[in-house]
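Chemist: Please model the entire structure based on the sequences and the hints provided.
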Amino acid sequence: MKKISFRNDILPLKNLLYRLALRITLDPAEAEDVVQETMIKVWNRRDSWDTIDNIEAFCTTTCRNLSLDKTRRMGRQEASLDSVATDPEDHSSASNPEEQAMQRDRVALIRQLIDRLPKKQRCVMQLRDIEGKSYKDIATLLDISEEQVKVNIFRARQAIKQQFKKTENYGL
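When the count follows this note's numbering, it moves up by one through the sequence shown with no breaks and lands on 1042 for the last residue.
Any given hint might turn out to be false.
Stated by the list, open to error - Cross-link-like lysine-lysine pairs, in silico, DSBU-like; alpha carbons within 30 Å at most: (1) Lys1031 - Lys1020; (2) Lys1035 - Lys1020; (3) Lys911 - Lys989; (4) Lys1006 - Lys1020; (5) Lys990 - Lys1035; (6) Lys1020 - Lys990; (7) Lys989 - Lys1035; (8) Lys989 - Lys1006; (9) Lys911 - Lys990; (10) Lys989 - Lys1036; (11) Lys911 - Lys940; (12) Lys1020 - Lys989; (13) Lys1006 - Lys940; (14) Lys873 - Lys884; (15) Lys1031 - Lys989; (16) Lys940 - Lys990; (17) Lys884 - Lys940; (18) Lys990 - Lys1031; (19) Lys1006 - Lys911; (20) Lys1006 - Lys884; (21) Lys873 - Lys911; (22) Lys911 - Lys884; (23) Lys990 - Lys1006; (24) Lys940 - Lys1020; (25) Lys1020 - Lys1036; (26) Lys989 - Lys884; (27) Lys989 - Lys940; (28) Lys1006 - Lys873; (29) Lys884 - Lys1020; (30) Lys1006 - Lys1031.
Hints listed in this document are in silico derivations from the structure and should not be mistaken for laboratory results.
Modeler: Following this line, the structure appears as structure tokens:
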């Protein structure tokens, strides 16, 4: 087995863990706390790192569980990411201000639709579509079967697609 180093193997995961915690808690401060708690828990288990097959999966699972616990305790299931990850200085490939405004509105709408998904679908979508994890990795991280992962991703995408079309066709 590979010798695991906190600095080289675990610390670089902090951004991935933050994005996962933010997607679950929907609160930047809470997400930072969760990442810090995750790092502390992993550090405290340093004596058993040699027995862990996949340290990234271990860290992600720990982060996910802590995020879910914090969300349950705080009761913040209906918060929104509208004010969180929006970059007003993002000048994407849109050529004029009107197109840029429309693009920002679409992104905001999709974020709102993702925020409304059930927790499991939201988490699976985050791991697959945003973090780029494989179905197998997601199944391992969430302790569900690969088929359940595929079903949850399909349902999440369908729900977002239907709601997006409805909104685009009829407005808000």
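Chemist: Quick one, are Lys990 and Lys1006 close enough, alpha carbons at most 30 Å?
Modeler: holds, 16 Å
Chemist: Given the hinted pair Lys884 and Lys940, is their alpha-carbon gap at most 30 Å?
Modeler: holds, 18 Å
Chemist: Take the C-alpha atoms of Lys1020 and Lys990, compute the straight-line distance between them, and say whether it is at most 30 Å.
Modeler: holds, 12 Å
Chemist: Lys1035 and Lys1020: Cα distance at most 30 Å?
Modeler: holds, 22 Å
Chemist: Is the hinted pair Lys940 and Lys1020 satisfied, with a Cα-Cα distance of at most 30 Å?
Modeler: With a Cα-Cα distance of about 26 Å, the restraint between Lys940 and Lys1020 holds, given a limit of 30 Å.
Chemist: Holds or violated: are the alpha carbons of Lys873 and Lys884 at most 30 Å from each other?
Modeler: Judged against 30 Å, a Cα distance of about 19 Å means the pair holds.
Chemist: Can you confirm whether the C-alpha distance between Lys989 and Lys884 stays at or below 30 Å?
Modeler: Holds, at about 21 Å.
Chemist: Are Lys873 and Lys911 close enough, with their CA atoms no more than 30 Å apart?
Modeler: holds, 19 Å
Chemist: Quick one, are Lys1006 and Lys911 close enough, alpha carbons at most 30 Å?
Modeler: With a Cα-Cα distance of about 24 Å, the restraint between Lys1006 and Lys911 holds, given a limit of 30 Å.
Chemist: Can the restraint linking Lys1006 and Lys1031 be considered satisfied, given a maximum Cα separation of 30 Å?
Modeler: Given that 30 Å is the threshold and the Cα spacing comes to 25 Å, the pair holds.
Chemist: Just to be careful, I want the Cα atoms of Lys1031 and Lys989 compared with a cutoff of 30 Å; is the pair within it?
Modeler: Answer holds: Lys1031 to Lys989 is near 18 Å, not above 30 Å.
Chemist: Does Lys884 sit within 30 Å of Lys911, going by the straight-line distance between their CA atoms?
Modeler: Judged against 30 Å, a Cα distance of about 13 Å means the pair holds.
In this structure, none of the earlier numbered hints is contradicted; all agree with it.
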